[in-house]
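Participant: For the protein sequence lines, the chains are A and B, in the order given. According to the numbering used here, the first sequence holds residues 123 to 347 in order. According to the numbering used here, the second sequence holds residues 51 to 150 in order.
Check the hints yourself; a few may be wrong.
[Stated by the list, open to error] Residues from chain A that keep clear of chain B, each with C-beta distances beyond 12 Å, as calculated:
1) 127
2) 131
3) 221
4) 245
5) 249
6) 258
7) 260
8) 301
9) 304
10) 305
11) 325
[Stated by the list, open to error] In silico DSSO-like pairs for lysine-lysine, Cα to Cα no more than 30 Å straight-line:
12) A:245 to B:146
13) A:315 to B:146
14) A:319 to B:146
[To be verified] Selected chain B positions facing chain A (in silico; Cβ < 10 Å):
15) 107
16) 113
17) 117
18) 119
It is worth saying that the hints were derived from the structure and are not from the lab. We put the beta carbon where it would ideally sit given N, CA and C, even for glycine.
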Amino acid sequence: MYVSWPCPLPDGSTGEEMALRFDEDRSRRLLMIPPLFDEANKFRHQLVEIMRRFDANGVDCFLPDLPGCNESTAPLADQSIAGWRAAAIAAAAYFGATHVFAVRSGGWLVPDTLPGWIYALVKPRQVLRGMLRARSLAAREAGVDESSENLLACGRQEGLTLAGWDLGATLIRELDEGEFVPPANAVTIEQGKVGGKPLWLRAENDHDPAQADALVGIILARLAG
Amino acid sequence: MTADTASAAKTGPSRSEIDQTLRAILRDVLGLDQAQVDGFDGETGLFGHLPELDSMAVAGLLTEIEDRLDIVIEDEDVDGEMLETYGGLLAFTEAKVVEG
Numbered sequence: 123m124y125v126s127w128p129c130p131l132p133d134g135s136t137g138e139e140m141a142l143r144f145d146e147d148r149s150r151r152l153l154m155i156p157p158l159f160d161e162a163n164k165f166r167h168q169l170v171e172i173m174r175r176f177d178a179n180g181v182d183c184f185l186p187d188l189p190g191c192n193e194s195t196a197p198l199a200d201q202s203i204a205g206w207r208a209a210a211i212a213a214a215a216y217f218g219a220t221h222v223f224a225v226r227s228g229g230w231l232v233p234d235t236l237p238g239w240i241y242a243l244v245k246p247r248q249v250l251r252g253m254l255r256a257r258s259l260a261a262r263e264a265g266v267d268e269s270s271e272n273l274l275a276c277g278r279q280e281g282l283t284l285a286g287w288d289l290g291a292t293l294i295r296e297l298d299e300g301e302f303v304p305p306a307n308a309v310t311i312e313q314g315k316v317g318g319k320p321l322w323l324r325a326e327n328d329h330d331p332a333q334a335d336a337l338v339g340i341i342l343a344r345l346a347g
Numbered sequence: 051m052t053a054d055t056a057s058a059a060k061t062g063p064s065r066s067e068i069d070q071t072l073r074a075i076l077r078d079v080l081g082l083d084q085a086q087v088d089g090f091d092g093e094t095g096l097f098g099h100l101p102e103l104d105s106m107a108v109a110g111l112l113t114e115i116e117d118r119l120d121i122v123i124e125d126e127d128v129d130g131e132m133l134e135t136y137g138g139l140l141a142f143t144e145a146k147v148v149e150g
């Protein structure tokens with residue numbers, strides 16, 4: 123189930139990252155791109171539920187760790203959206219993906235060479251704003267005055283640790299400036315079509331078999347068509 | 051009443067739409083049941099009363115309110131009063147929608 127894959131690193135070298143896969147050499151092969159940061163943890167269980175359903179329906183799927191994420195030992199502070207996008211392209215090639223399925227912020231990383239789906243896409247600035255706010259609220263509770271505005275100005279120059287995530291200056295600038303437009307061959311799926319409560323918002327991790335069924339049903343219908 | 055409704059439609063979501071959206075956000079962010087959020091009134095306690103609403107959840111809640119209602123909530127807007135009761139949060143959000 124777990125394999126390693128050769129992942130391009132920011133300095134041009136190649137590292138080794140882990141991937142969870144259901145691979146029986148079938149013709150339809152789906153690259154899964156998870157959300158970044160906190161939502162990666164909140165959605166991991168659900169993503170595995172989704173993969174089990176694809177597997178049961180004859181679709182191979184691959185969930186690679188991106189450098190600095192999940193079990194990766196690469197420092198998060200060295201990573202960037204551009205670097206993760208390059209890693210996603212490399213993973214797609216390595217696993218021979220025919221389609222891509224990305225969740226939330228993972229949608230920013232979809233290779234434009236593959237047809238696929240982006241589930242509940244979020245804006246880069248919204249993700250950054252949530253993390254800035256978590257830090258300034260925590261600071262205020264501790265009696266320290268840190269405004270989001272000052273934190274952002276500092277982070278754009280020097281990088282910043284937000285809500286426990288060690289973010290480099292490049293990544294903060296990408297999040298602050300990024301107006302992400304999905305590639306033409308990626309179809310976005312809104313949460314309303316899947317139904318139920320958005321799992322990435324929940325303070326406690328959870329999973330929802332009914333939502334996994336609905337989402338996989340939407341994609342299988344398109345794959346068959 | 052008719053005139054009020056007409057002008058609300060032109061200027062943005064009506065008060066009852068804001069109310070419904072806010073209840074849906076609390077339901078989604080805090081993982082509450084629909085029946086529980088339907089039962090909220092102006093006096094229902096939020097921060098310090100709902101165990102689900104810790105400071106990380108507050109950050110998520112405010113960001114989600116901004117996104118779904120297309121408003122901006124500044125750091126200095128956030129205080130104990132706006133989060134203490136459902137009525138307080140609703141009044142704050144309505145004021146922000148009118149401002150925006």
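Participant: Determine for every hint whether it applies to the structure shown.
Facilitator: Hints, verified against the model:
1. Listed as a non-interface residue, residue 127 (chain A) keeps its Cβ farther than 12 Å from every Cβ of chain B; the least gap is roughly 32 Å.
2. Distance check for residue 131 (chain A) against chain B: the nearest CB is about 31 Å away, which clears 12 Å, and the non-interface claim stands.
3. Residue placement check: residue 221 (chain A) keeps its beta carbon more than 12 Å from all beta carbons of chain B (closest about 28 Å).
4. Annotated as non-interface, residue 245 (chain A) brings its C-beta within 12 Å of a C-beta of chain B; the closest such distance is 8 Å.
5. Residue 249 (chain A), annotated as away from the interface, has a beta carbon of chain B within 12 Å; the closest lies near 9 Å.
6. Once the 12 Å rule is applied to beta carbons, residue 258 (chain A) is inconsistent with being away from chain B; the minimum gap is 5 Å.
7. Residue 260 (chain A), annotated as away from the interface, has a beta carbon of chain B within 12 Å; the closest lies near 6 Å.
8. With a cut of 12 Å on Cβ distances, residue 301 (chain A) stays outside the contact zone with chain B, its closest approach being about 15 Å.
9. With a least CB separation of 17 Å from chain B, residue 304 (chain A) remains clear of the 12 Å interface cut-off, as annotated.
10. Residue-level check passed: residue 305 (chain A) sits 23 Å from the nearest beta carbon of chain B, beyond 12 Å.
11. Residue 325 (chain A), annotated as away from the interface, has a beta carbon of chain B within 12 Å; the closest lies near 5 Å.
12. Distance check on the hinted pair: residue 245 (chain A) and residue 146 (chain B) sit about 21 Å apart at the alpha-carbon level, within 30 Å; holds.
13. Distance check on the hinted pair: residue 315 (chain A) and residue 146 (chain B) sit about 29 Å apart at the alpha-carbon level, within 30 Å; holds.
14. For the suggested pair residue 319 (chain A) and residue 146 (chain B), the alpha carbons sit about 25 Å apart, so the restraint of at most 30 Å is met.
15. Because the smallest distance between the Cβ of residue 107 (chain B) and any Cβ of chain A comes to about 5 Å, under 10 Å, the interface hint for this residue holds.
16. Restraint check, residue 113 (chain B) versus chain A: the minimum CB separation of about 4 Å is within 10 Å; hint holds.
17. Look at residue 117 (chain B): its Cβ gets to within about 6 Å of chain A, closer than 10 Å, so that hint holds up.
18. Because the closest C-beta pair between residue 119 (chain B) and chain A is about 13 Å apart, greater than 10 Å, the hint is violated.
Violated hints, listed in ascending order, are 4, 5, 6, 7, 11, 18; each of the other numbered hints is respected by the structure.
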